[in-house]
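**Student:** Just so we're aligned: the sequence shown equals residues 1390 to 1714 in the working numbering.
Treat the hints loosely; a few may be bogus.
Stated by the list, open to error - Computed Cβ-Cβ distance ranges for the label pairs, DEER-style:
1. P1479 x S1653: 35 to 43 Å
2. F1458 x V1481: 24 to 32 Å
3. I1499 x V1677: 48 to 56 Å
4. R1584 x D1534: 18 to 26 Å
5. Q1542 x D1675: 36 to 44 Å
6. K1688 x S1658: 37 to 45 Å
7. A1401 x R1464: 20 to 28 Å
8. D1514 x P1479: 18 to 26 Å
9. I1657 x Q1576: 21 to 29 Å
10. L1541 x E1435: 54 to 62 Å
11. K1485 x I1657: 23 to 31 Å
Claimed, not checked - Pairs of lysine-lysine residues, derived as DSBU-like cross-links and limited to a Cα-Cα distance of at most 35 Å, are as follows:
12. K1418 x K1606
13. K1485 x K1606
14. K1688 x K1485
15. K1520 x K1414
16. K1418 x K1641
17. K1606 x K1688
18. K1641 x K1686
19. K1485 x K1686
20. K1518 x K1485
21. K1549 x K1520
22. K1421 x K1641
23. K1414 x K1686
24. K1520 x K1641
Hint data in this document are derived by calculation from the structure and do not stem from the laboratory.
Cβ coordinates follow ideal geometry from the N, Cα and C atoms, glycine included.
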Amino acid sequence: MKKLHVNDDFYAHLRECENHLIPHKNFAKVIKRLEYAMEVSVHGAEPRHTLLVGEAGAGKTWIARYLRFLYPACRQDGNMVMPILYVETPAVPTLKGLAEAILISLGDPISYRGTASDKRRRALDLMRKCKVQLIIFDEFQHFYDHGRNQSLQSVADWLKLFIEDAHRPCLLMGLPRCENILHVNEQLRRRFSTRLELSAFSIDSEDGEIEFRSLLKEMETTFSKKKTSGLAEVDMARRIYFACNGLIGYLKKLLMGAFEIMISENKISLDSHLLEQAFVQEIWRDGVGVLNPFNDKFKFRHLDQQGEPFSGDTSTITRLKSRRG
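Go ahead and model the full structure; you've got the sequences and the hints to work with.
**Tutor:** Below you can see the structure in the form of structure tokens.
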């Protein structure tokens, strides 16, 4: 990519595009459920806990980001108030490491000190002081994938006791396999009986295609302010769908990449040429020629065969994640 020669307006626009969020139907359903859980808990009802699953790129982390936008942390009378506590499960997790991650999210300057039980006690105390209304644990499948010398039973027991003592609604997020952690503890499974799923968009039905095209129509007003790009036109929308497999995370990655190339080439709107480059750069480096959804000879099919970006093959997904950072 060429070196960008831009002014501050470009960077402001770039941040706007990165943070732009369109609460589509499924997204709005999840937000509504979580806001209800927060509201009834604040008024003294028993906490309503929620399990949210979805494939990588489905938009789970955007749920947390949007809630923190709606309920930002702030200082009141010199004390930090944090309505939404977001905790990302460590990649190689331990229960002590998870307690430390909670303390870090709460701003504890000595999060590294103490035993697992000390950290747990401090975390519960800080949560009360910070007036936390909702706890979000993200990427919880890491315990299922990489937990060291810990059974799923011990993880489930720890989580059950923690949310009982916290007495706050909890959102557990992760890939679908994180649900296995709940299966080993009947009491915990009952507490997370509300199961929501963020699924990929689909264009297999007329309603699904209309929703996806409406999403693109709204997004293009953010990315191309000077000239309409035609992202929502039927042919282009279908190409974009196959390029991102209907996953909002990949869609944003694709459009952000095309937007930056657009600026570097001094163009005023996104086009198939820019999207073709962005697909290779941001999603699949081997997606050239007929394997690129924006190539004239593309066969309009899912890129889910072995070695392709949406095959479900673990090594492929890992390579994609490492390039996304």
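**Student:** All the hints need checking, so say for each whether the structure fits it.
**Tutor:** Against the structure, the hints come out as follows:
1. Evaluation of the 35 to 43 Å hint for P1479 and S1653 yields a pass: the beta carbon distance comes to about 37 Å.
2. Look at F1458 against V1481: about 30 Å separates their beta carbons, and that is inside 24 to 32 Å.
3. For I1499 and V1677, the hinted distance range of 48 to 56 Å is satisfied, since their beta carbons lie about 51 Å from each other.
4. Range check, R1584 to D1534: about 20 Å between beta-carbon atoms, so the 18 to 26 Å window is met.
5. Here the CB-CB span from Q1542 to D1675 is close to 42 Å, well matched to the stated 36 to 44 Å.
6. Between K1688 and S1658 the beta carbon distance is about 26 Å. The supplied range of 37 to 45 Å is therefore violated.
7. The beta-carbon spacing between A1401 and R1464, approximately 26 Å, falls within the hinted interval of 20 to 28 Å.
8. Distance hint for D1514 and P1479: a CB-CB separation of about 22 Å, consistent with the stated range 18 to 26 Å.
9. Distance hint for I1657 and Q1576: a CB-CB separation of about 59 Å, inconsistent with the stated range 21 to 29 Å.
10. Roughly 25 Å separates the CB atoms of L1541 and E1435, a value that falls outside the hinted 54 to 62 Å.
11. For K1485 and I1657, the hinted distance range of 23 to 31 Å is not satisfied, since their beta carbons lie about 53 Å from each other.
12. Using a Cα cut-off of 35 Å, the hinted pair K1418 and K1606 holds, with the two alpha carbons roughly 21 Å apart.
13. Restraint check: the Cα-Cα separation between K1485 and K1606 comes to about 46 Å, which exceeds 35 Å; the hinted pair is violated.
14. For the proposed pair K1688 and K1485, the alpha carbon gap of about 50 Å is over 35 Å, so the pair is violated.
15. Taking the CA atoms of K1520 and K1414, the gap is near 30 Å; set against the 35 Å cutoff, the hint holds.
16. Simply put, K1418 and K1641 have alpha-carbon atoms about 21 Å apart, close enough for the 35 Å limit, and the pair holds.
17. For a cut-off of 35 Å, the pair hint linking K1606 to K1688 stands: about 24 Å separates their Cα positions.
18. Proximity of K1641 to K1686 is assessed by CA-CA distance (about 24 Å); at most 35 Å being required, the pair is judged to hold.
19. Of the supplied pair hints, the one linking K1485 and K1686 is violated, its CA atoms being roughly 53 Å apart against a limit of 35 Å.
20. Of the supplied pair hints, the one linking K1518 and K1485 holds, its CA atoms being roughly 21 Å apart against a limit of 35 Å.
21. Between K1549 and K1520 the alpha-carbon distance is near 20 Å, which keeps this suggested pair within the 35 Å criterion.
22. Restraint check for K1421 and K1641: the C-alpha separation of about 23 Å stays at or below 35 Å, so the hint holds.
23. With a C-alpha separation of about 33 Å, the suggested pairing of K1414 with K1686 holds against the 35 Å cut-off.
24. Distance check on the hinted pair: K1520 and K1641 sit about 33 Å apart at the alpha-carbon level, within 35 Å; holds.
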